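Undergrad: Once you've looked at the hints, dock chains B, C and D against the given chain A.
Chains as they are written, first to last, in my numbering: chain A, 1 to 350; chain B, 1 to 350; chain C, 1 to 350; chain D, 1 to 350.
Hints are computed from structural coordinates only; laboratory data are not their basis.
These numbers were taken from a predicted model, which means no experiment stands behind them.
Don't take each hint at face value.
Heads up, the list lumps identical chains together, so a pair's fine if it works in one copy or across two of them.
[To be verified] Result set (EDC-like, lysine to aspartate or glutamate): computed pairs, CA atoms no more than 20 Å apart in a straight line: (1) 319 - 91; (2) 204 - 226; (3) 204 - 222; (4) 204 - 217.
Number of protein chains: 4
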Amino acid sequence: SFQKLGDNGGELTTLQKLLVFYKSPISKFCYHSSAYVIFLVLYAYVVLFDFEYEMTYMEIFLLIWIFNHLINEIAEIAAEPSLSLRGKINDWVSSVWNRFDMVSLLLTCMALGLRLHRQTFTWGRIAYAINTTVFYCRLFRIYHVSYHLGPKLVIFYRMISEVLVFLALLVIFILGYGIASQSLLHLSRNAFTLNSTSISNIMKDVLLTPYWQMYGELQLEEIAGEDEQVCHQKSCWVNEVCFKDNTSCTKELDCVCENPTDYSWVVNLMLFFYLIIGNIMLLNLLIAIFTYVFDEVQENSMEIWKFEMLRLIQEYDFKPALVPPFVVIEYLWRVCKYLWKLTCREEKEN
Amino acid sequence: SFQKLGDNGGELTTLQKLLVFYKSPISKFCYHSSAYVIFLVLYAYVVLFDFEYEMTYMEIFLLIWIFNHLINEIAEIAAEPSLSLRGKINDWVSSVWNRFDMVSLLLTCMALGLRLHRQTFTWGRIAYAINTTVFYCRLFRIYHVSYHLGPKLVIFYRMISEVLVFLALLVIFILGYGIASQSLLHLSRNAFTLNSTSISNIMKDVLLTPYWQMYGELQLEEIAGEDEQVCHQKSCWVNEVCFKDNTSCTKELDCVCENPTDYSWVVNLMLFFYLIIGNIMLLNLLIAIFTYVFDEVQENSMEIWKFEMLRLIQEYDFKPALVPPFVVIEYLWRVCKYLWKLTCREEKEN
Amino acid sequence: SFQKLGDNGGELTTLQKLLVFYKSPISKFCYHSSAYVIFLVLYAYVVLFDFEYEMTYMEIFLLIWIFNHLINEIAEIAAEPSLSLRGKINDWVSSVWNRFDMVSLLLTCMALGLRLHRQTFTWGRIAYAINTTVFYCRLFRIYHVSYHLGPKLVIFYRMISEVLVFLALLVIFILGYGIASQSLLHLSRNAFTLNSTSISNIMKDVLLTPYWQMYGELQLEEIAGEDEQVCHQKSCWVNEVCFKDNTSCTKELDCVCENPTDYSWVVNLMLFFYLIIGNIMLLNLLIAIFTYVFDEVQENSMEIWKFEMLRLIQEYDFKPALVPPFVVIEYLWRVCKYLWKLTCREEKEN
Amino acid sequence: SFQKLGDNGGELTTLQKLLVFYKSPISKFCYHSSAYVIFLVLYAYVVLFDFEYEMTYMEIFLLIWIFNHLINEIAEIAAEPSLSLRGKINDWVSSVWNRFDMVSLLLTCMALGLRLHRQTFTWGRIAYAINTTVFYCRLFRIYHVSYHLGPKLVIFYRMISEVLVFLALLVIFILGYGIASQSLLHLSRNAFTLNSTSISNIMKDVLLTPYWQMYGELQLEEIAGEDEQVCHQKSCWVNEVCFKDNTSCTKELDCVCENPTDYSWVVNLMLFFYLIIGNIMLLNLLIAIFTYVFDEVQENSMEIWKFEMLRLIQEYDFKPALVPPFVVIEYLWRVCKYLWKLTCREEKEN
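Bound conformation, chain A alone:
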């Protein structure tokens, strides 16, 4: 015996039933999710095919859609129970999903600002590309309702701190091995001829090469070193070489010369130890940590997931019934309703 939901305590009319169904959190979740998937397809289309210097209609449509998101989020902040604006924002930011939304919206604003100027157009493209990743990661929100995927996401989130520990340990070995190997493989690098290209090359060689090597992309031909003799000018002296009969002497320039290929075996040995530490010790230690932590958080994950589910339902209960591109209409209507309440209703009641 559920309570009657109708206006006058009776049954709902068909239209009311439809409205209740349409406004229930589960329905809202379904069509908001569908709308979001469509949004992602459009976004992918724009960044892959339709990103020109002059905005295309599709891109403008996309930006309107994101603008709707923005209004949505502002409404959510306004609806937080806290009284002060600071408190409202703090409450809102406490959810990891809202932080996602904030990042994506800030990135969009930045991307829009950058792409509109001639000089920063290329940075605008980069911002759009990075934003793609953020928008796709927001899809995990939809995964969250799944009984199978939700708790795994909670555990995944918990594991991030363990991976950071792993990276903190790894970065030291990467730096130690990367700098040592580069100092042996590239002998003629000079600090006075550095430009942005050569700096980015050095960063790549020092940081990324050891990182790729950790994944088994050993790049052995790079480790072999270029076969070019580098001689130190200041070390040269003239060496007089005389034949036995001392009749003819030839002067030879004797310099200290180095060849990266001579150092190749040292770099090979360094790679040997680096791989043991980076690939075998650290990775396997991480596996052991994951196995340990998984056993610990497995039970809690279900609790946390249920708590998150509650939050999600509350959020969708509040969410407008219209999907993003038309959500402005709903908010306009809400504002009208609010104004009507303030003015007309009072009159009526009077």
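TA: Positioned in the frame of chain A, the structure of chains B, C and D alone reads:
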């Protein structure tokens, strides 16, 4: 003191003994398995060497063999205890092995239909190739009787759902990274010039490249980007550059240009984070999940395996004594016997 | 208060002390191990540098050394407590190390036989190479005395059966994927033109390529397929194409043609699923199994190791005091001693 | 109610407060760590860009800095509680971090000695490069204070012994497989023509190639073998081939010839088994060991970490307040203070 098995309560004759031995589930299992292995060898031979536009004798022989399988499966469905046809099919489908059989038989029919027509001949070959995999996977049925392999298969089957969770998480990161990186590496893609080849290339770049990268095939030279300048026509304006004495001015076209190699470092950084998430976090999380689940299902696996063994023995008890290529004969004989029972025996009894 | 060890119940003389030290199992173990390491160095030298058609002195010396091993093993068999020859051999074979010795000695005999004949000389080299591996694996015997390494070896030995299960599951997926992908990538293979080279190529493509792919060596360029059209002759028919005014008609040959590159996407998808199953599911399942089994056998491993240690000490107690290349001398002396006991001592006692 | 810290039992003056703050272990740790990071940046700069035959100012500055380190360590040894020098050194060496310091300082001295001489200049560069790694690994000292990283470092340190066990097992398989495969792939190697280059090549082929293969860098094209016929001269004999009518006979040289490509399939098979053992069995066994050991040492790690923290605080309490490049000043001042205590104070007190 076993019960005597002979017709008149006495010992079995030598021929009867041979028949009992030949009809016992274990013997049936042995020669059905051997026949199946021979079938697989023939199938491999046909798809590797003997798949011509006009069917070869070997292929026709193979299709007859599969037709025997088909009759076998129909007989099995008919023998299910349920009374209605729907119930019989439901009972039959409830076993994962029967689902395997169903898929392979449907694929065979489809493959036959496709390969017989000129236009769809190439699709026929694809269907034959996919069917090879399905036929080989049915071999696990034979593994199932092993005390060592059986329970492992049960656990393997249980792990599939965990891998699906892993894939569901992975696909989001693949899409996010794949679309973002492609939007930076291929600037001149155009939605209006898309054809089937270019679409399949984009699908490969967006979906498969990140997937291969997860396995350590980093394809670093593709990430470096092609060194080709792409200029936006609509962004061009004429720039008048005058010398100091203002006597001569040259007009220059000033355009916003992009080069994929300039974005290379962004894609490298994206790959950096993608590999941490895809290769390190997700894979190690999966290992932790597997370790956890394995400990849980280890005991049950033995129970489930024993239950499956019972099912297997029952099935082989029912199976015809003749192996597939000649199984039609047995079924014909069964029908004859059944008809004889219906007609002659009654007369005899009368 | 140890018991006096001297002949007449008193102290040992210096020479006797030296002999006791020299004959103690631990000393014997040390110099037998050293001798074995020297043997391995020599063996490596011979197979790498000194394997000619005519035997070099080094190789002959090596064969004499192995002959000494052989005598040693025969003496060990003779010393087993069982009375019958069959029992002695069974007792001896029950130790995994003796089985190693047996295999290496049989391989040596075979290798010697093969390398002496003109026709089988190349097989002789293969047998020598394989024997290298067996001889080096015998080094684990020396590891076995280590407190750290010994129990790990016991666990390693226990894990072999789990790896066999893994391989048994893997081989089915390898066959299924390998045959299916090869049937799409190489269309013009013909059973009638097979020779040993093409068979070994097909074996490599079907079995080894999927195996290497499991280790992340994806060989994507091989999967792309060669770009060569293969047309089926029997499918060709003459197609008359007439222009609209019917004045001129040209005859065209219309054939069903295939191109491996058209099937590339199917093979890519197959590799997609094969890698999930082979690299992710099976490998991670194996890790889970190893983790489980390790926890189980960890305690027992110590017990088994101690038992093996006892066996080892007993063996070295029996072993001749001289190291392999001179061991013949010791055995000759033992035989002499035995004969003296039989003849002279009896006289003396009389 | 803390105890008053002022000289005369009262409050501290502002300058005293500043000094107390500046001399507290936590502040010392902060600026010593910062100074060390700056040192590492300078060191990286020198080895990457500024390592010339004639020392640059930067390198000299660096060496002065390291000299300061040296004095620091000597002061630490002197401050150890033990009375004898040997005891002091033993106490000091018992900490793993001090051993790190010792190695790095010895390496620096060696590197300096080597780089100053013409003949050993290249070895000097190698020593500098290796020292880079050691200096960067000392950074872990700073990590040690972190609540998250510290215990992980303790566990990491504990795992080293397990990895050594793994390597000890691995090296046997590497040698067995490496020597066997090389004996088949390079047939014309000769012990008499060996020089340092060819020896280092052989070492690489025998030891490093199997090691890289373990990480999935299978180098399949090297395993295929060079396609060059090697014939044994001593095996040649003259074969008279006569035609049927015996009128004309031709003499043919019949030799035993070998081709590495003929042995390719054996090497492939060897790699097959080597990968199962090296990549699958040993690596997964190591994962199982790590998981087991991690569960064991997890609790202890926190205890050990706390003990290490105490040690660290004590060390920083003793450390000079000035950072390394100026630390000499502090020590000079300490010596002065000590002398003053010895002489002036006594007078004062008198």
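Undergrad: With reference to the structure, classify each hint as holding or not holding.
TA: Hint check results:
{"no.": "1", "hint": "319 - 91", "verdict": "within (17 Å within a copy, 46 Å between copies)"}
{"no.": "2", "hint": "204 - 226", "verdict": "both (17 Å within a copy, 18 Å between copies)"}
{"no.": "3", "hint": "204 - 222", "verdict": "both (13 Å within a copy, 16 Å between copies)"}
{"no.": "4", "hint": "204 - 217", "verdict": "both (14 Å within a copy, 18 Å between copies)"}
When each numbered hint is compared with the structure, no violation occurs for any of them.
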